[in-house]
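K.L.:
Sequence:
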Amino acid sequence: MTKADIVEKVYQKIGFSKKEASELVELVFSSLKDVLTKGDKVKISGFGNFVVREKNERVGRNPQTGEQIKISARRVLTFRPSQVLKAMLNGEDITGLEDDE
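Take 1 as the starting number for the sequence shown in my numbering and just add one per residue.
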């Protein structure tokens, strides 16, 4: 699914013009990016959590040559699906299932 597909779904479901639907989708993604850039967690109930983690500098190894290399410190984005999403993906019954993540 692409951003254009999401805009099309918003356009069809809500009845906004395509321009308004596009602006709405852009606003949502922009807000998500801003929050994640600050290092904060994004929780979407029934979907999952986006979390920014700090990784320290470490020594790694080039698998082809065996040479040791330094891997610089960096921030990584992780996604943990909710119990509801996991159950849906596995075709399980989600009634009564709470999203506690």
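FYI, nobody ran anything at the bench for these hints, they're computed from the structure. Among these hints, one or two may not hold up.
Unchecked claim - Label pairs and their computed distance ranges (CB to CB):
1) Gly91 - Arg61: 36 to 44 Å
2) Arg58 - Ala4: 38 to 46 Å
3) Gly60 - Met1: 51 to 59 Å
4) Lys13 - Val59: 33 to 41 Å
As the list claims (entries may be wrong) - Under the rule of at most 27 Å between Cα atoms (straight-line distance), these lysine-lysine pairs were calculated in the BS3-like manner:
5) Lys41 - Lys55
6) Lys43 - Lys70
7) Lys70 - Lys86
8) Lys41 - Lys86
9) Lys19 - Lys9
10) Lys70 - Lys13
11) Lys18 - Lys3
12) Lys70 - Lys55
13) Lys3 - Lys38
14) Lys9 - Lys86
15) Lys33 - Lys55
Values in this document were obtained by computation on a predicted structure and should not be read as measured data. Every residue gets a Cβ at the ideal spot worked out from N, C-alpha and C, and that includes glycine.
K.L.:
What are the numbers of the hints the structure violates, in ascending order?
P.N.:
Numbers 3, 4, 6, 7 and 10 - these are the hints that the structure violates, sorted from lowest upward.
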